[in-house]
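**Q** Chains A and B, in that order, give the protein sequences.
One point on numbering: in our numbering, the residue at position 257 of the first sequence is 257, and numbering is uninterrupted.
One point on numbering: in our numbering, the residue at position 104 of the second sequence is 104, and numbering is uninterrupted.
Among these hints, one or two may not hold up.
To be verified - The calculated lysine to aspartate or glutamate pairs, modelled on EDC-like cross-linking and capped at a C-alpha distance of 20 Å, are:
id : chain 1 : residue 1 : chain 2 : residue 2
1  : B       : Lys27     : B       : Asp10
2  : A       : Lys160    : B       : Asp63
3  : A       : Lys214    : B       : Asp10
4  : A       : Lys219    : B       : Glu81
Claimed, not checked - Some chain A residues well away from chain B (every beta-carbon gap over 12 Å; in silico):
id : residue
5  : Lys73
6  : Thr163
7  : Ser166
8  : His173
9  : Glu178
10 : Arg238
Calculated directly from the structure, the hints in this document are not laboratory data.
Here the structure is a predicted model, which is why all the values come from computation and not from measurement.
From the three backbone atoms N, C-alpha and C, an ideal C-beta is built for every residue, glycine too.
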Amino acid sequence: MESETVEDGVLGGRYLYCIIDSGILYNFSRIGIEEEEDVYTIPYMDIGVVVHDCKPAAYESKDEKVIIDYVQKHNNVVDVVFNKFGCVVPLRFNTIIKEKACNSNGAIEKWLAEQYTDLKIKLNEVQGKEEYGIQVFLDRGWCIKEILSKNERIIKLKEKIETPQSSGHAYLHKQMVEKAIGKELEEMSSRLAREVYSLIKKYSTDTRLEKTKKVDEKKIMLLNVPCLVERGNVRGFREELEKLSINSIYIRITGPWAPYSFV
Amino acid sequence: MASIELGEGDLKTNLLGLVVALIEIIKDILNLQAIKRIEKGKLNDEEIERLGNALLNLERVIDEIKEEYAIKEAVKSVRRELDNSVEDILGMEKILEQIEDGVRNS
């Protein structure tokens, strides 16, 4: 949306944080990216958009730290709005609409009118729900102990390398034990990941399977799943997950968050 | 496209780390091939001993080089980067699909 009348350096832009399911006028004060600008709502029918006034230009910097700070401030506003209104559709960092005049909301209202149906659908999809981040870890040492004490084939192989034998045989038998443990560990991880993911799916209206990360030598990350959970189901969900946090499995739950991963 | 970050440290160390990491990977592949042949009963005792000793010696030499040139961390880092790149290219999507399929079929 181009502006022809707003001069450079004038606050002819609106920086958009998120959409709310309420047509209320509300001022959150100066909690946003711009320290000098209020964060407030612009209502349209029964929905609203949370904004601050800005220059009609994207927030950019060559310094990565500055960008991270912008994004954190953006997310912080979305979290504050989420805690206040309970239902938000977060918008991407650097969503800016240019107005034709500083005191005009014409462009933003036009945008809201065009997007109204889609935004209502998205708001309905996340109504009464919260996003949680679930990360599931497996204790590698505990699993290897289990495998070494219960897997018959590996026990036999291990016995073989413990009996005196020539160096070439000993080396390859040791490699065979390591390979067998690795394979068993992989199967164990895959089975546990499926079990925990089934439970997460049972309690969630939507999930995203994200890439797992390498943690350290001691832990294996089995799952990294943002999920959308109905508020009424959160307690039961947490209790079920906590029951799984025994022996070898450690579950990290973060949230509630605004539904960043699902809109 | 996947890339391997060599970091900003000494270029020689990083380059040597990369070379040794690649040799280590080749040694791991040879180990796997040897195990497969043993499991299929394709090697007699003498061949197992010879192959085992050759691979053991290779491992010792690699360890000595890592020690001598203080490149243990550099090798580890290259292998970690390579693992991540391989996962990016072909691993993760397949693993994620398997989890989804497993849950659907259970």
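**Q** A separate judgement is required for each hint: does it hold in the structure or not?
**A** Here is what the structure says about each hint:
| no. | hint | in the structure |
| --- | --- | --- |
| 1 | B:Lys27 <-> B:Asp10 | violated (26 Å) |
| 2 | A:Lys160 <-> B:Asp63 | violated (25 Å) |
| 3 | A:Lys214 <-> B:Asp10 | violated (25 Å) |
| 4 | A:Lys219 <-> B:Glu81 | holds (18 Å) |
| 5 | Lys73 | holds (29 Å) |
| 6 | Thr163 | holds (15 Å) |
| 7 | Ser166 | violated (6 Å) |
| 8 | His173 | violated (8 Å) |
| 9 | Glu178 | violated (9 Å) |
| 10 | Arg238 | holds (20 Å) |
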